[in-house]
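Protein sequence lines correspond, in order, to chains A and B.
In this text, residue positions in the first sequence follow this note's numbering: the first is 1, and each later residue adds one.
In this text, residue positions in the second sequence follow this note's numbering: the first is 255, and each later residue adds one.
Source of the hints: derived by calculation from the structure; they are not laboratory data.
Treat the hints with care, since some could be wrong.
Here are the computed lysine-lysine pairs in the DSSO-like style, where the Cα-Cα straight-line distance is at most 27 Å [unchecked claim]: (1) K151/A with K484/B; (2) K510/B with K54/A; (3) K155/A with K58/A; (4) K18/A with K55/A; (5) K249/A with K54/A; (6) K201/A with K283/B; (7) K535/B with K199/A; (8) K105/A with K18/A; (9) K18/A with K34/A; (10) K202/A with K508/B; (11) K202/A with K287/B; (12) K52/A with K535/B; (13) K18/A with K510/B; (14) K247/A with K535/B; (15) K287/B with K199/A; (16) K201/A with K535/B; (17) K34/A with K93/A; (18) K175/A with K151/A; (19) K283/B with K203/A; (20) K237/A with K535/B; (21) K4/A with K155/A; (22) K199/A with K583/B; (23) K34/A with K583/B; (24) K151/A with K510/B; (25) K484/B with K34/A; (26) K34/A with K510/B; (27) K283/B with K237/A; (28) K201/A with K482/B; (29) K482/B with K199/A; (30) K583/B with K595/B; (31) K535/B with K204/A.
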Amino acid sequence: MSLKVLVGCKRVIDYAVKIRVRPDKLGVVTDGVKHSMNPFDEIAIEEAVRLKEKKIAKEVIAVSCGPTQAQETIRTALAMGADRGIHVEIPAKEMEKLEPLHVSKILAKLVEKEGAQLLVVGKQAIDDDSNATAQMTAALLDWPQATFASKIEHKDGELTVVREIDGGLETIKVKVPAVVSADLRLNEPRYATLPNIMKAKKKKIDKMKPADLGVDTTPHFDVLNVSDPPARDAGIKVEDVDTLITKLKETGRI
Amino acid sequence: MDPHRVILGEADLEGHNTDWLGMVRGASKVLLKPRNTEEVSTILKYCNDRRLAVCPQGGNTGLVGGSVPVFDEIIISTSLMTEIESVDRLSGVITCQSGCVLEALDQYAAEYGLMVPLDLGAKGSCHIGGNVSTNAGGLRVLRYGSLHGSVLGVEAVLASGEIVNCLSAMKKDNTGYDLKHLFIGSEGTLGIITKIAINCPPRPQAVNLSFLGLQTFDDVLTTFREAKDKLGEILSSCEFIDSSSMQCVEENLKLKPPIEPHPFYMLIETSGSNSSHDEEKLSSFLDYALGSGIVTDGTVATEPSRMQHIWSLRERIAEALVKDGYTYKYDISLPHSEFYKMVEDMRNHLGTGVIRCCGYGHIGDGNLHLNITTQEFDKNVLNQIEPAVYEWTAKVNGSVSAEHGLGFKKRNFMHYSKSLGAINLMKQLKSLMDPNGILNPYKVLPET
């Protein structure tokens with residue numbers, strides 16, 4: 001059986017960039033800041049491409065919800081080996097109010113529309129750390145879910161998935177169709193090579209709006225305040241061990 | 255000076271007596287940490303009056319044994335001289351003390367939309383004063399030129415304790431002899447640099463990095479020429495790595511190159527002010543390079559996280575080589591036509607007696623880093639390499655030290671690249687500025 005695989009990939013601020021809180025304290029600065037594909041989604045794309053290379057998957061479709069620049073993220077996925085892309089357009093202003101439930105609804109609709117049998121997403125996005133999209137999409141589709149996958153094997157319409165759980169590994173079996181979320185150790189994503197980057201420019205990206213899929217993206221909550229983590233106080237140097245102990249006692253560390 | 259700023263213990267001095275490569279060791283008994291120019295002046299005056307030799311030290315990341323004492327010289331560390339005095343957003347000039355760590359200074363410059371026009375592997379530890387006194391090169395000389403161009407002013411203290419203020423922040427200043435150049439690249443033998451004024455260009459808004467795989471060294475040269483032609487003003491770095499250097503990074507540091515093994519690799523970086531303009535140029539250059547077959551594979555990164563990974567493949571070669579055991583390190587300038595032949599000739603010459611003989615470096619500047627490693631230091635291997643490597647370099651009119659300086663290790667090879675007349679004038683300058691020879695002795699100038 002050859003699967004049609006849908007992969008979610010979110011455009012986030014690159015992890016090597018220092019995050020700055022916006023002056024209005026309602027979000028972080030995103031203008032002129034370097035973005036890249038959410039690293040866990042990169043792992044998801046890599047896994048889907050490997051499934052295709054093993055002939056388990058027949059087509060890999062990369063989906064991203066976001067502003068125009070989300071197409072760059074899709075291009076990256078296409079250069080890594082995805083066959084085509086779907087860009088669900090969300091204006092930059094609305095993007096920060098887009099919630100995992102909205103994304104789950106969009107993904108569920110796309111899965112139905114495309115007739116996909118497998119949805120792979122990163123376990124969480126490194127910007128909002130929600131870790132909810134895979135689980136909610138599985139619920140909406142009423143599909144089994146295999147979250148935090150660190151190994152995936154496919155046999156006779158079933159996936160054997162090793163999950164990273166507290167204090168160890170759990171191996172589960174799920175029937176396809178299913179939703180899988182990728183953990184850090186699932187694989188090491190490849191770099192897109194030049195010939196593939198060139199080829200990716202010719203691959204198709206369909207554009208649509210949430211409304212085209214019948215999904216309402218009205219926010220369910222308001223952001224009241226975004227603030228920096230407390231700044232660390234500067235250290236001091238002390239003369240000798242006795243002073244060190246006195247100081248530690250003073251500050252209540254010992 | 256308060257006791258915290260005088261280091262006496264043998265264990266505390268260990269790291270300051272040994273160089274980063276673990277190749278030379280001194281036996282200094284005391285290290286001083288002045289905070290400002292006046293303190294440096296007082297120390298030097300005292301030492302000069304009593305004929306006490308000193309060894310100026312920054313981040314101690316030098317590669318020719320110039321930054322550690324040879325015997326028991328007093329180490330003068332710039333580690334507490336980290337004040338940044340001023341930034342002129344309009345001219346881009348930053349004036350600071352010599353102990354500022356390069357990376358910290360660059361991060362500071364970033365807040366003003368500027369960048370320090372110098373970047374090298376040791377940026378997290380090296381001091382700007384040490385960079386200036388060794389005229390360090392690095393990854394972006396191709397674009398921004400050497401420190402003789404970017405450094406506009408230097409304040410230094412002479413052996414006598416006299417402070418020489420050449421700290422102009424003006425781009426143009428033709429009033430008499432341009433003395434600051436004497437302190438740039440003289441490795442602390444003519445004075446100790448206490449402050450610098452450096453001209454910083456605007457920080458690029460858009461940076462792209464490509465990592466390429468190539469089959470022959472001729473293709474490397476063709477790609478370099480094409481990159482200059484097709485990328486023009488946005489080309490900011492052009493580096494090459496041979497397969498042996500890459501294997502070393504893979505084996506010793508477990509880093510993975512983004513493409514399949516190739517005989518040669520190149521890193522080509524562009525920096526500019528408009529990402530779509532730069533990406534278009536880079537993309538048409540890469541289209542050409544791939545289409546014409548000079549490049550057989552590669553990748554492009556625009557994300558900072560990916561660029562950092564790719565740069566580490568180049569920047570961490572020196573660190574990887576150290577893990578082999580002992581490194582015989584050569585930093586030479588060569589005409590492009592002879593560039594890689596040096597590595598091949600040396601590899602044939604040395605045969606199987608070494609772990610590896612590899613080459614990488616700043617192809618854009620004609621600067622080769624030739625490295626040979628063995629498990630332990632081997633006198634026979636050294637005799638096979640030297641002076642052959644210097645004779646080879648002199649024959650093609652190269653330089654036996656492109657950017658590392660001469661320090662302690664290379665001083666007796668100066669004559670391969672400098673005439674007798676030039677060496678004599680250098681000696682006269684030394685005796686004029688440091689008549690008692692207390693400043694970083696046994697370094698730079700040849701023994702005889």
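These are the hints, each one checked on the structure:
no., hint, result
1, K151/A with K484/B, "45 Å, violated"
2, K510/B with K54/A, "23 Å, holds"
3, K155/A with K58/A, "15 Å, holds"
4, K18/A with K55/A, "41 Å, violated"
5, K249/A with K54/A, "62 Å, violated"
6, K201/A with K283/B, "64 Å, violated"
7, K535/B with K199/A, "18 Å, holds"
8, K105/A with K18/A, "32 Å, violated"
9, K18/A with K34/A, "10 Å, holds"
10, K202/A with K508/B, "35 Å, violated"
11, K202/A with K287/B, "61 Å, violated"
12, K52/A with K535/B, "33 Å, violated"
13, K18/A with K510/B, "25 Å, holds"
14, K247/A with K535/B, "59 Å, violated"
15, K287/B with K199/A, "58 Å, violated"
16, K201/A with K535/B, "16 Å, holds"
17, K34/A with K93/A, "17 Å, holds"
18, K175/A with K151/A, "16 Å, holds"
19, K283/B with K203/A, "68 Å, violated"
20, K237/A with K535/B, "52 Å, violated"
21, K4/A with K155/A, "15 Å, holds"
22, K199/A with K583/B, "42 Å, violated"
23, K34/A with K583/B, "38 Å, violated"
24, K151/A with K510/B, "21 Å, holds"
25, K484/B with K34/A, "25 Å, holds"
26, K34/A with K510/B, "24 Å, holds"
27, K283/B with K237/A, "23 Å, holds"
28, K201/A with K482/B, "25 Å, holds"
29, K482/B with K199/A, "26 Å, holds"
30, K583/B with K595/B, "17 Å, holds"
31, K535/B with K204/A, "23 Å, holds"
Hints 1, 4, 5, 6, 8, 10, 11, 12, 14, 15, 19, 20, 22 and 23, counting from the list given before, are not met by this structure.
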